[in-house]
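**Q** This is what each chain is made of:
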Amino acid sequence: MTPFQLWVSYYTMLRKDIVRMFRIWVQTFLPSVITSCLYFLIFGSVLGSRIGQMQGVDYMSFVVPGLVMLAIVTNAYSNTSFTFFQSKFFFRGIDEILVSPTPPWLLIAGFISGGIVRGVLVGTIVLLVSVFFTGLHLAIHNILIIFGFAILTALVFSLAGLVNGVYAKSIDGINLVPTFVLTPLVYLGGVFYSVHSLPQAAQYATYVNPIFYLINGFRYGFLGLADIPLWISLAVLCGMIIFLVAVNWYLIRTGLGLKQ
Amino acid sequence: MQALSIKDLTKTYATGTKALKGVSLEIPESDFFALLGPNGAGKTTIIGITTGLVNKTSGTIEVFGVDTSTEPEKAKMQMGLVGQEVNFNPFEKVLNIVVNQAGYYGIPRAVAIPRAEKLLTDLGLGEKMDQNAMTLSGGMKRRLMIARALVNEPKFLILDEPTAGVDVELRRGMWEYLTALNKKGVTILLTTHYLEEAEQLAKHVAIINKGEIVESGTVEEVIAKHHTGDAKESPGYRGGRLEEVFLKLTSEK
Numbered sequence: 088m089t090p091f092q093l094w095v096s097y098y099t100m101l102r103k104d105i106v107r108m109f110r111i112w113v114q115t116f117l118p119s120v121i122t123s124c125l126y127f128l129i130f131g132s133v134l135g136s137r138i139g140q141m142q143g144v145d146y147m148s149f150v151v152p153g154l155v156m157l158a159i160v161t162n163a164y165s166n167t168s169f170t171f172f173q174s175k176f177f178f179r180g181i182d183e184i185l186v187s188p189t190p191p192w193l194l195i196a197g198f199i200s201g202g203i204v205r206g207v208l209v210g211t212i213v214l215l216v217s218v219f220f221t222g223l224h225l226a227i228h229n230i231l232i233i234f235g236f237a238i239l240t241a242l243v244f245s246l247a248g249l250v251n252g253v254y255a256k257s258i259d260g261i262n263l264v265p266t267f268v269l270t271p272l273v274y275l276g277g278v279f280y281s282v283h284s285l286p287q288a289a290q291y292a293t294y295v296n297p298i299f300y301l302i303n304g305f306r307y308g309f310l311g312l313a314d315i316p317l318w319i320s321l322a323v324l325c326g327m328i329i330f331l332v333a334v335n336w337y338l339i340r341t342g343l344g345l346k347q
Numbered sequence: 037m038q039a040l041s042i043k044d045l046t047k048t049y050a051t052g053t054k055a056l057k058g059v060s061l062e063i064p065e066s067d068f069f070a071l072l073g074p075n076g077a078g079k080t081t082i083i084g085i086t087t088g089l090v091n092k093t094s095g096t097i098e099v100f101g102v103d104t105s106t107e108p109e110k111a112k113m114q115m116g117l118v119g120q121e122v123n124f125n126p127f128e129k130v131l132n133i134v135v136n137q138a139g140y141y142g143i144p145r146a147v148a149i150p151r152a153e154k155l156l157t158d159l160g161l162g163e164k165m166d167q168n169a170m171t172l173s174g175g176m177k178r179r180l181m182i183a184r185a186l187v188n189e190p191k192f193l194i195l196d197e198p199t200a201g202v203d204v205e206l207r208r209g210m211w212e213y214l215t216a217l218n219k220k221g222v223t224i225l226l227t228t229h230y231l232e233e234a235e236q237l238a239k240h241v242a243i244i245n246k247g248e249i250v251e252s253g254t255v256e257e258v259i260a261k262h263h264t265g266d267a268k269e270s271p272g273y274r275g276g277r278l279e280e281v282f283l284k285l286t287s288e289k
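Chain order of the listed sequences is A and B.
Residue numbers for the first sequence follow the numbering used here, so the first one is 88 and each next one is one higher.
Residue numbers for the second sequence follow the numbering used here, so the first one is 37 and each next one is one higher.
Calculated directly from the structure, the hints in this document are not laboratory data.
Just to be clear, a hint being listed does not mean it is correct.
To be verified - Pair by pair, the computed Cβ-Cβ distance ranges are: (1) Gln167(B) x Phe177(A): 18 to 28 Å; (2) Lys54(B) x Val268(A): 47 to 57 Å; (3) Trp318(A) x Gln167(B): 47 to 57 Å.
As the list claims (entries may be wrong) - Here are a few chain B residues that face chain A, going by a calculated C-beta distance under 7 Å: (4) Glu62; (5) Leu89; (6) Asn91.
Small disclaimer: the values here were computed from a predicted structure and weren't measured.
We put the beta carbon where it would ideally sit given N, CA and C, even for glycine.
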């Protein structure tokens, strides 16, 4: 395929996914916004006033980056895993792409791009909603770091969602990982607290949680505060991207879990 | 030039089932080729491997001289597939299904939309273009799949039981459409359980049974070689000559 044909194929996949996510916006965009509002209300307004400050900043301002990151992670992941699983099992629509000259790497790019778009879009909406709860005092330390971590985190979890979608053999297989792996990792990754407020043993446990590094970097972009140096967060993020790209490439190219 | 050249193709599924045991097959350019065989004979596996939906165990496949293993994208660019099962999103609009398929072949929407509209109109779906695919009848869904397979203007069209469950009138309409396509130079590979369909449409035929090609040649050659006329004596028999040959070859193995 020529570069233009590759672009058309990529655009087709992405356009189709974006049209789908806007068509069912009540399922794709609304739940995260409502959940985030509840978090802002409970942890920010109700409990936050009693907690006071965390690392020298207002607790509400402290939790906002983590909650935005929570929205990005869950939406990027679920969009890719479900879209891929749906096209593999429900309608076998994946055959439309497999019989076409679209190469495997472009198929991966098409599916994960949908996840990135949804993750970043929902994250932006949650961020805008948080402005109402922080009284229009949202701190921004470095917009490039915020934007970079948002995109890269959405990329990581889109890739992870695609692995899940390829391997899943039933709808349970799609729900198991977000429920039993992703959600606990996000909650224990420092959304609601600084790692320094934990006992020593719990701090070590947090350091093996990859999501901790993402939230750490993202929060640095807003507040200029970090539990660990920013470069470590970035290195972990890049390492995860390289690993997951390799896994996806192998799965799609060999047709494992996809072709008979 | 051969449109399709298959050499020593084998396929063993993860379950241990040997679906293909060294199949070799050649389909000349512009041919109308019928691949016949009972259920589970290996027809759909051959099609699946040719189009990239199934991984082969060994062997080679070339489409217009292009190896599907080493240059899959180039080979796929020349093919169109009408699968056995309905495999599109029923919540999508009919026109979008065809236009999106064109997109996967690198055809921009500005070109794909008028082309899809013409194909759908030609296939009698002109009034259904803006409706969701779930509103289509079974026969309409089959025609939609044909339109989708033709949107990239393939030189080689593969149809896996396209007339299964389709009423007589619609089936005849499909025959006319496919014959006209073939006359324009499109090579067609058809699998079907309707033997009279193959006898009337195909120039060449191959019969596969238990993963092996048991006979191939022109329809006349195959009939001449195996037709005995004995079946006419069977009470209630109404099939054609090819059906008789088919039953003889597939029950002998």
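**Q** With 18 to 28 Å as the target window, see if Gln167(B) and Phe177(A) comply at their CB atoms.
**A** holds (20 Å)
**Q** Hint says 47 to 57 Å; check whether the CB-CB distance for Trp318(A) and Gln167(B) agrees.
**A** holds (55 Å)
**Q** Given a cut of 7 Å on the nearest C-beta pair, is the interface hint for Glu62(B) held or broken against chain A?
**A** Status violated, d = 22 Å.
**Q** Okay, Lys54(B) versus Val268(A) on CB: inside 47 to 57 Å?
**A** violated (39 Å)
**Q** The hint names Leu89(B) as touching chain A; please verify it with the least Cβ-Cβ distance against 7 Å.
**A** Holds: closest Cβ of chain A sits about 6 Å from Leu89(B), inside 7 Å.
**Q** Report holds or violated for the interface hint on Asn91(B), using the least CB-CB distance to chain A and a cut-off of 7 Å.
**A** Holds, about 5 Å.
Checked against the numbered hints given earlier, the structure breaks hints 2 and 4 and satisfies all the rest.
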